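Let chain F serve as the given structure and place chain R on it in line with the hints.
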Amino acid sequence: MSARLVFANLGRTFRGARESTVALKGVNVTLEPGSFTAFVGPSGCGKSTLLHIAAGLDTQFDGTFTREPADATLACLFQQPRLLPWQTARGNIAFVLEARGLARRDARSRADGLLDLVGLGEAGDRFPAQLSGGMQQRVSLARALAVDPDLLLMDEPFSALDELTAARLREELVALCAAKERTILLVTHNIHEACYLGDRVVVMSAHPGTVVAEIAVDAKRPRRLDDPRLAEFTGIVRDLIDRSEPVPQSRGVAA
Amino acid sequence: MTTVERAAPPSAEVALSEGPTGSGAPTGRGKRPGDPLLNALYLLASLALLALAWQLVSWIVGADVLPGPYASIAAVEKSQSEGYLWTDIGITAYRIAGAFVIAMTVSLVMGALLGRLPIAERLFGPWVTIGASIPSLVVIVVIYLAVGINDHAAMIGTALIVAPAMIYAVWDGVRAINPELQEMARTFAVPKHIILRRVILPQTAPFIFTAARTGLSLTWRIMIFVELLGRSSGVGYRIQYYYNLVDMNRVVAAAVPFIGLMLAFEFGVLRPIERFVFRWRRSEAQ
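Protein sequences, first through last, are from chains F and R.
If you read the first sequence in the numbering used here, its first letter stands for residue 15, the second for the next number, and so on.
If you read the second sequence in the numbering used here, its first letter stands for residue 6, the second for the next number, and so on.
So here's chain F without its partners, still in its complex pose:
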């Protein structure tokens, strides 16, 4: 069963010794079960903070955040693969399965199946340091899929990769996620990526991080990278972001 997320009047302030930074303010967004929502915006718009809250890593927020069901299975794909360097590719995937109580042997054979799925069937015995960045991120994707998540959170998962690898991984992601209905939350600064992957794009602006617009991307799937409808959406989103950005010269004059 995929999860439903509700952010209601969500705010997050980081209090420093000298000054406080308002990372999020008055965010109202609902992620329906089975939807793919992409949050896009400039750096500092609080989109990563939002993801941290959704992941349960950050609980110091104002307003309310609810995840239904509360025990929904969660998986995260980060910008860096965050693999345990002392574990092999197989061991890294088995790690999250064993932590869920799966027997070591079962976990490892499941891990092998997942490695096959992401095209790394031969790499099970290799340590992360022996894998390229793209391969590491694939292992990380396999690890996320291993727990069969109801909710998949992705924080700029492809931004550390070269564009060719990133494009291929995006396609694989779409194919792999189509197998089961799950709620997906993607955070990215790549407008094209947001439109290509998301059913819906939530545009955010910075200082403080708020939602500027929500756009349903109704280009049909499977999507093609050169779909003119996608280019249209990309244009709309870019426009919205440009308009919400303060003009650089005026900074510091107002207020």
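None of these hints come from the bench; they were simulated from the model.
None of the values given here were measured: they were computed from a predicted structure.
One thing to keep in mind: the hints can contain errors.
Partial list, computed: chain F residues near chain R (C-beta under 10 Å) [said to hold, decoys possible]: (1) ALA69; (2) GLY77; (3) PHE79; (4) PRO83; (5) THR87; (6) LEU88; (7) THR102; (8) PHE109; (9) ARG114; (10) PHE141; (11) GLN144; (12) LEU190; (13) CYS191; (14) LEU244.
Partner residues aside, some chain F positions facing chain R, computed with beta carbon under 10 Å [to be verified]: (15) GLY25; (16) PHE28; (17) PHE92; (18) GLN94; (19) ARG96; (20) LEU98; (21) SER154; (22) VAL161.
Note that beta-carbon positions come from the ideal geometry of N, C-alpha and C, so glycine has one too.
Using the frame of chain F, we list chain R on its own:
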């Protein structure tokens, strides 16, 4: 022993900036796998050169001050035939083991506390620096007087002298823990005790190894001194005894077997374990 004033712990960014494969593990010493036969040859050459240098110094200062390698080994044989060699080594090894266990326990607990709790770091961090600068002699004498002149005092005294250096190593390790990996584990709902065992401990393992290695060699050198001051058995006592008799052959002969034992432990036990545990680190080039 050098004492270094510790600054505030480095922020998480240090660990984060290591890139995709860094993940907080220290790079450590560069290990070249190389050809085992060639490595063995180099080791032999190194030992032969050392023996040569030893003999040379012995000639310069005189064999009555520093006996050469041949004379020393002959004296080792003599001490064995007289029957005290192995009892000396046994009793000293026992004391070293005791002191080492105490020092390791103290440094693991202290290092973890100092690295994890800012309040502990502020209150007790300076203690480690101060502890490292107290002269060993003062510690030994005070412990002998407080506990009594016995083996327990020897162990405790040695442990206290050795602990600060080991605490520093563990402390560094705890600070080097990469919070990103813990975050990852938490999002996957990995239970806390498994995070500790499978995410946190492996990251600190290289530092604990460093602590153990420096701690052990330091323990051995301090223990000899502690024995000399207050025990009537063991390698340290034997050295003092023959020093009083100005029998330098026997002084050197008392130390040589134990040096051999420490080396055997290093190369036969520590290094192979280290190679196995940290095999993931050597894999970059493949």
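Original post:
Given F/THR102 was flagged as interface, is its beta-carbon under 10 Å from a beta-carbon of chain R?
Top reply: holds (8 Å)
Original post:
Once the shortest beta carbon distance from F/PHE28 to chain R is found, is it less than 10 Å?
Top reply: violated (14 Å)
Original post:
Given F/GLN144 was flagged as interface, is its beta-carbon under 10 Å from a beta-carbon of chain R?
Top reply: holds (5 Å)
Original post:
Quick one, is the F/SER154 hint okay against chain R at 10 Å, beta carbons?
Top reply: With a closest approach of 9 Å, the F/SER154 hint holds.
Original post:
Quick one, is the F/CYS191 hint okay against chain R at 10 Å, beta carbons?
Top reply: violated (17 Å)
**OP:** Double-check F/PHE109 for me: the hint is only fine if its C-beta lies closer than 10 Å to a C-beta in chain R.
**Re:** Status holds, d = 7 Å.
Subject >> Satisfaction of the F/PRO83 interface hint, Cβ to chain R closer than 10 Å >> reply: Given a least distance of 14 Å, the restraint on F/PRO83 is violated.
Subject >> chain R contact restraint for F/VAL161 - C-beta distance below 10 Å >> reply: This hint holds: F/VAL161 lies near chain R, its Cβ roughly 6 Å from the closest one there, short of 10 Å.
Original post:
Holds or violated: F/GLN94 as interface residue toward chain R, Cβ cutoff 10 Å?
Top reply: OK, holds: F/GLN94 within 10 Å of chain R, min 5 Å.
Original post:
When the nearest CB of chain R is found for F/GLY77, is that gap smaller than 10 Å?
Top reply: violated (21 Å)
Original post:
Should the interface hint for F/ALA69 be scored as holding, given a Cβ-Cβ cut-off of 10 Å against chain R?
Top reply: With a minimum Cβ separation of about 5 Å from chain R (threshold 10 Å), the hint on F/ALA69 holds.
**OP:** Tell me if F/LEU88 is really an interface residue toward chain R, meaning its C-beta lies closer than 10 Å to one of theirs.
**Re:** This hint holds: F/LEU88 lies near chain R, its Cβ roughly 6 Å from the closest one there, short of 10 Å.
In this structure, the hints that do not hold are numbers 2, 3, 4, 12, 13, 14, 15 and 16, in rising order.
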